[in-house]
Amino acid sequence: MNEVDFLLWVKGPAFTFAAVVFIAGVALRLFEILSLGRKQNFAVPKGNPMQGGLREIWRRSLPVDKPTFQRSLFTIVGGYVFHIGLFVVILLLGAHIALIRSVIGFGWPNLPTPLVDAFAVITMLALLAVLAHRLRHPVKRFLSTPTDYVVWGATFLPLLTGYMAYHHLLLSPQLMLALHILSVEFLLVIFPFTKLMHTFTLFLSRWYNGASMGMRGVKS
Amino acid sequence: MIMSDTDFRKELEQLSLVQQRRVGAVFVRNVLALTADPAVAKVVDVAANAEEAGEDELALAFKNAKAAALESHTRCGADSDWQAQAGYFVARAASALVAPAKQAKAPAWEAAANARMARTCGMIESADATMHEESEAQYRFLEQFLNDI
Amino acid sequence: MSALTLERGINEFKAQLDAPMASFFSSCVSCGMCAEACLFYTENPDPRHTPIYKLEPMRRVWEQEYTLVGKLKKALGLGKPVTDAELAEWQELVYNNCSLCGRCSAVCPVGNDITYMIRKMREGMVASGHAPEGLIGASTRAVQIGSPMGVKLPALQAQVKHIEKATGMAVPFDKEGAEYLLMLSSMEIMNYPEYLEAVGKILTNAGKTWTLSTDCFEATNSGIQIGSSDIARELVSRVVNAAEKLKVKTVISPECGHAYTALRWEGPNLIGRPYTFAAKHIVEVLDELRVQGLLQTEGFEEAKLTFHDPCQLVRRGGVIQQPRNLLNLVAKNFVEMSDAGAMNWCCGAGGGVSANEDANEVKMKAFQRKKKQLDELKVDTLVTACANCRIQLEEGLEENEMDLPVVGLTEMIAEHLVEREDKGGAS
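One line per chain: the protein sequences are A, B and C, in this order. For the first sequence, our numbering assigns the number 1 to the initial residue and increments by one for each residue that follows. For the second sequence, our numbering assigns the number 221 to the initial residue and increments by one for each residue that follows. For the third sequence, our numbering assigns the number 370 to the initial residue and increments by one for each residue that follows.
Rather than coming from a laboratory, the hints here were simulated on the basis of the structure. Since we're looking at a predicted model, the values are computed, not measured. Hints should not be assumed to be uniformly reliable.
What the hints assert, rightly or not - From the derived model, a few chain C residues whose C-beta atoms are all more than 12 angstroms from chain A:
id	residue
1	Q460
2	G537
3	K616
4	K734
5	E790
What the hints assert, rightly or not - Taking lysine-lysine pairs in the DSS-like style, the calculated list, with each CA pair at most 27 angstroms apart, reads:
id	chain 1	residue 1	chain 2	residue 2
6	A	K219	C	K740
7	C	K701	C	K673
8	B	K322	C	K570
9	C	K534	A	K66
10	C	K614	B	K325
11	B	K322	C	K383
12	C	K747	B	K230
13	B	K283	C	K570
Don't be surprised by glycine CBs; every beta carbon is placed ideally from N, CA and C.
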């Protein structure tokens with residue numbers, strides 16, 4: 001298999017496979033969660049659960065409690081930087097939008113590629129920083145499982161290979177692009193079965209917690 | 221003659237802080253046997269000699285009385301032992317007597333009420349006349365005290 | 370009842386697992402922020418005290434039973450089964466080192482309600498025989514005697530006689546059709562009889578009809594603390610039966626945090642239907658009376674004072690503004706602690722910690738957080754609205770040689786009460 005065949009395979013059957021596993025996996029995981037159901041609540045609510053749920057979905061993205069922010073400063077800032085970075089790199093790069101357009105039929109305006117490139121660098125630095133923090137922080141190191149590090153690698157590799165492909169580093173751009181796509185496919189395949197799932201389930205979790213807070217009339 | 225708590229409290233309110241401490245000491249001494257903590261007796265002695273007691277002496281006594289109360293209270297969820305609980309109320313009565321002036325709202329009355337509570341503890345499962353006996357005794361103590369001053 | 374075994378424990382874990390729990394387990398990214406929010410970690414920084422880690426055995430049961438990957442791993446013999454020894458080891462984490470205070474649930478960035486999870490995990494701990502002795506004792510006494518502290522009706526009647534004699538006020542028992550049924554905690558009957566006197570005075574003065582019940586006077590619920598819905602249901606049913614028998618409009622939960630959670634939030638779900646009456650915390654009732662103009666006060670406390678928010682009232686109950694309204698009636702120099710209100714730090718002894726002798730040492734370590742908050746303020750008086758917090762605060766202050774009186778909010782209000790001319794049909 002030469003470079004061209006490899007790229008075609010990666011873009012073709014491998015991509016289809018990864019996409020199917022990702023979509024079916026996420027659907028299965030959401031079904032596994034939601035099918036457990038929950039009991040009816042008979043307590044008379046003090047506030048509106050719906051409002052509370054929506055409020056927490058939004059509010060938990062903001063560092064609203066100052067002392068908490070100060071105590072977990074690095075975790076929060078590092079988390080912000082790499083999450084925003086990932087968002088920009090994944091969804092605002094011209095090449096990515098073109099791919100999305102070819103799959104779902106529509107797209108949106110992109111940011112200039114050099115700017116996205118800068119975001120990619122910042123994101124990689126932030127990911128390295130949070131990894132270092134995870135290895136040094138007593139609680140994070142203690143809580144982390146091997147899968148957590150695999151997940152970190154699976155998030156980092158697409159950034160690195162994408163960056164290297166764009167800057168023509170190490171390998172031929174074509175081969176690097178193939179590796180870039182392959183690394184994304186790896187990410188998609190493991191996504192539903194690892195903590196990457198939080199991307200979707202955090203909305204559910206915030207909703208449940210917020211609805212409970214809303215019902216009790218708690219606004220923090 | 222003092223016949224009711226209303227009269228009793230009215231008379232107590234007329235007294236100065238030092239006098240309240242002294243007569244309160246008489247109330248607490250009457251139930252002192254219900255505590256096993258010797259520190260409480262010393263606190264009551266300080267209250268009884270309130271005229272001569274210095275600020276430091278009162279502060280130390282208050283600290284000791286509070287410690288005695290804390291040591292003898294029953295913690296949430298622990299099995300109740302009303303015999304031991306009597307000691308808690310005796311200590312509370314004593315601490316009311318030596319509380320700093322700004323905290324002491326009605327030291328003698330608080331001491332009297334807690335002393336009665338202590339008396340009741342021994343008989344808590346079969347509430348009876350003990351409470352009345354104790355308050356009657358307190359009325360007589362107060363009359364005696366009023367005669368003496 | 371069959372013996373408490375690992376198998377029963379695991380079955381109970383499975384029964385407790387619901388969509389929220391599965392979502393919470395799926396969402397955790399091990400960021401560690403819950404540890405920084407937990408006073409059992411901040412004051413005693415062992416990574417095992419991280420709130421989400423306290424759920425680890427239950428997480429594995431969830432993974433192995435309710436996820437495809439977990440089932441596969443289990444089938445291939447790769448899943449590590451939960452053992453009895455492991456649960457025995459976790460007892461300390463789930464009970465001694467958690468007061469169900471809810472701060473972790475309030476800070477989690479992915480939104481996990483970790484407190485909700487630990488409350489559920491305790492059900493499995495009870496079923497597997499890994500609940501602490503102290504809580505088992507309290508629960509047994511609560512079921513058999515009607516009070517976790519073994520306080521019987523005659524003891525309450527004796528206290529009532531004292532109050533009636535000292536105040537001349539009637540303290541009614543079993544008065545049908547009264548507006549309020551007043552519930553108490555054993556702590557108040559044993560250690561703080563002034564609470565009952567204070568509430569009685571305020572309600573009577575407001576012209577409200579109120580009553581105690583000879584069937585049931587205990588509002589605390591050891592079942593909620595130990596984590597046994599069966600016990601919790603039995604205890605809450607007694608309150609419900611007493612309230613419905615007397616046809617009261619409102620049941621007043623005492624100055625106690627978890628009693629409010631038990632009665633207000635868990636109770637209807639335990640009995641499987643809504644109540645025919647309202648359930649309110651005494652502080653909520655007092656604030657309503659204030660708004661209605663039925664609670665008037667005179668004079669002000671001279672001391673500089675602060676308020677310790679009981680966790681179950683603020684974070685888990687939404688009773689945040691009421692105590693402040695009440696304090697401002699009687700205090701000119703009321704200052705707030707750092708983190709006051711919904712994010713206030715726990716006293717260190719809630720959620721069954723105080724009734725659990727194994728936790729005696731850690732709860733004093735946990736108190737260091739409160740000490741830091743108080744050291745910043747330099748107040749003369751500490752006010753709270755939970756008898757359990759109050760005992761822990763008094764003990765902690767004493768052990769740390771801090772000279773600071775701790776006062777119940779209701780008593781403080783009662784001391785400033787203005788007697789009303791028109792008391793209506795009050796008894």
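| message | Taking the earlier hints as the rules, which of them does this structure contradict? | response | The structure conflicts with hints 9, 10, 11, 12 and 13, although it agrees with all the remaining ones.
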